[in-house]
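Colleague: Starting from the known structure of chain A, fit chain B with the ligands onto it as the hints suggest.
Line by line, the protein sequences are chains A and B.
The opening residue of the first sequence carries number 1 in our numbering; numbering runs sequentially from there.
The opening residue of the second sequence carries number 1 in our numbering; numbering runs sequentially from there.
Since the hints were made in silico from the structure, they are not lab data.
Be a bit skeptical, because a hint or two may be false.
[To be verified] Which stretches of chain A does chain B cover? Using the computed rule of at least three CB atoms under 8 Å from a CB of chain B, they are:
id, segment
1, 72–78
2, 88–95
3, 98–105
These numbers come from a predicted model, not from an experiment.
Where is the CB? At the ideal position from N, CA and C, for every residue including glycine.
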Amino acid sequence: MSLLYIKDLRVNYGGIEAIKGISLTVEKGEIVTLIGANGAGKSTTLRAISGLVPLRDGTITYDGQVISGQSPQKIVSEGIGMVPEGRRVFPNLTVLENLRIGAYLRKDDLTPDIDHVYQLFPRLKERSWQPAGTLSGGEQQMLAVGRAMMMRPKLLMMDEPSLGLAPLVIRDIFRIIEKLHEEGITILLVEQNANAALRIADSAYVLETGSITMHGTGEELLSNPKVKEAYLGKSRSST
Amino acid sequence: MFDKILPYLLAGISVGGQYALIAVGYTMVYGILRLINFAHGDIFTAAGFFMVYITASLPMGISIPLVIVLTVALGFVLERVAYKPLRTAPRMSVMISAIGASYLMQNLMWYVTGGLAKQYPVLPWLSDSVQIGSASTKVVSIVTPILTVALVVALVMLIKHTKIGMAMRAVSVDFETSQLMGIRINSVISMTFIIGSALAAVGSMLFFTSYSTVTPTVGAMPGLKAFVAAVFGGIGSIPGAVIGAFIIGIAENLIKAAGYTAFSDAFTFVLLIIVLLFKPTGLFGEAAAEKV
Ligand SMILES: Nc1ncnc2c1ncn2[C@@H]1O[C@H](COP(=O)(O)OP(=O)(O)OP(=O)(O)O)[C@@H](O)[C@H]1O
Ligand SMILES: [Mg+2]
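Just chain B, with the same shape it has in the complex:
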């Protein structure tokens, strides 16, 4: 019985870690701007394409950091171009801009790739097989949860114990008073996009090592699941997003183990509806304080 479930459990933990790395980006941006960054899933996809194109001409040791840097730059530019000019605009305008940015990036990716699925490069070591008990799996599924937890713990420490982290917490509750302290809110906001994009880049490497092909819309589903995870955990809360992501990843795979593969995606969205109906603030969300 356990032998039968183990591979699904491993897959669930691994997928959960990937969702978590994306979900942190959603939840951080929401925490600071009260904005759902709809383009975040596309940043994740773009990180996949960056890897495809860069590894075609550069060795892996350079490609990996370069992909992270480019993804971070993309997240930074996205914020400066699509959100910063709307800082004092009504929230609906910013949301429409986010949707527009998402479609723009998807279309650009269609244009550049010709819409063809690209083969993701094989990352050495991560793609190797390992045997755990009776289950055989790729190294990546072991590395993912460990790396995810390590990165998230580092991030939480940064937010709790550093000056920039303190500024992030201040800006998340009060733009104006933060400015009176001498904090440059635009730098702090950029910082959250930079961190979110860097984590999405790492997430994409782990994700595509398991899924191997990149298309312009491939990020939509994991992006959406990560978003649900962030809402489930209580949007704005980093630990909430991570726990939500692991729960969703594991639950989906256990549903597959039970033979209901067709319903595994549906489960996530049913969960979203239930959370929104009965506990809109999610597992760890603060009572929805409206931003002034």
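One chain only, chain A, in its complex shape:
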């Protein structure tokens, strides 16, 4: 049974149809990536899964339960974490508080988890008491990932974690994603950086103006001529 199953999802903003009936599956333990141009509806899909935007139609099933129509709190409590688009760390909270608030629903001891995040991102540890608003973009992205890890998600959704980061930092972020995957977390990754995303993905979907136009394994899409032309065209050839 798949961990996440989306069937015929439709989302409207006012009169505009942003998602026009898509279906996708995320198997337990996989990295699944969703690629597509600006405005294709990638963030909208993740926001619909999180319960932040209402569905027009369709169902979202997670771990055997229908979660569409539930409140975001309920969905989070089921184990779906999100690294939102644009990081969205709480600028007025310290780094440590941002991590603590990521575990808002947990009542047990957070120390091991905080240590774990600090071990993955030593730069955050040095900045524990700094307001998150004063971190650099890359550090904020690390914090957003660390914050999402704090609730021990089973499914972690990441919306363009590499956006606006230097190539070296992007490499770090992708390394972390693979590491989280090795720890057993299932990952749904939205990326503009199609090349890097497809290379680590078990399964991939291409979204174009609200519809899924292609689906396959990461490798299949990497070598697909259409994908190459539309999404990999300008990126340096992979080695």
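Modeller: Chain B with the ligands alone, transformed into the frame defined by chain A:
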């Protein structure tokens, strides 16, 4: 000279404390919802009437906590009925709802009381006289600033060091991401109304012990002054609201001491205009970050 000013100074500090307890409610709600809760002054007035009616049949020891509980319930219901349904509505709609709620409460109070001024009960001990230096004053004017500062310090600690306080700070900057953390934003918003109303209830007890009569519109002036204090201090900032309130309370009374009683109210509003013109973010306000 000092002997002549001392009573005014004491009165100013005391009034400042009362304004502060109301101002915290304005500033907290603004901090979270970016909304001026116009009905807050009416909650303060309602707390006065609750006391009048409840003490008529119950002893003081029960009345005081009961008034606080009822005022808190009123603030909670106000938010659920007038603001919560408009959570995603344009801000102007919420503001109009706030004005409507304020008039509704005032009119309800006219209806229930028949518009007659009610005598506020004498709270034991608070109404006793004490001698400070050459000035004679009521115990309440000494208790007010101390109680105000204690309550505000407790509140600031709550916001800085507890989980719910952390959630309040998170919700005040980003509703959506707060929801992704599993925070129930409606509970957090209710909490700010509960705290604001509880402080207004305490403020009303201190205020009416000095002013002794309650009418349906009596809360308008202290409410407005507290609002100016919150803007002056930098709306959204709790310490700012408290400092603003003490400055206004003291300044008003010093103006009275100088013999310009007629201008003491005008001063507050001139101050508001000056702040809005030259430093709209107030003393401690953050650079006005528009809420997304
Ligand atoms: N709150 C909103 N109100 C109205 N329209 C919206 C809203 N959010 C998104 N849209 C529209 O929905 C469509 C999909 O947006 P979405 O943010 O999901 O795209 P995306 O694939 O994440 O793009 P990007 O790569 O630029 O982040 C766009 O046309 C966008 O303009
Ligand atoms: Mg997006």
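Colleague: Next step is simple, just say for each hint if it's right about the structure.
Modeller: Right, here's what the structure says about each hint:
1. 72–78: It holds: at least three residues are needed, and the segment 72–78 of chain A offers 4 whose Cβ sits within less than 8 Å of chain B.
2. 88–95: With 5 residues close enough to chain B, the hint holds.
3. 98–105: holds (count 5)
Comparing the model with each earlier hint shows no violations; every hint is respected.
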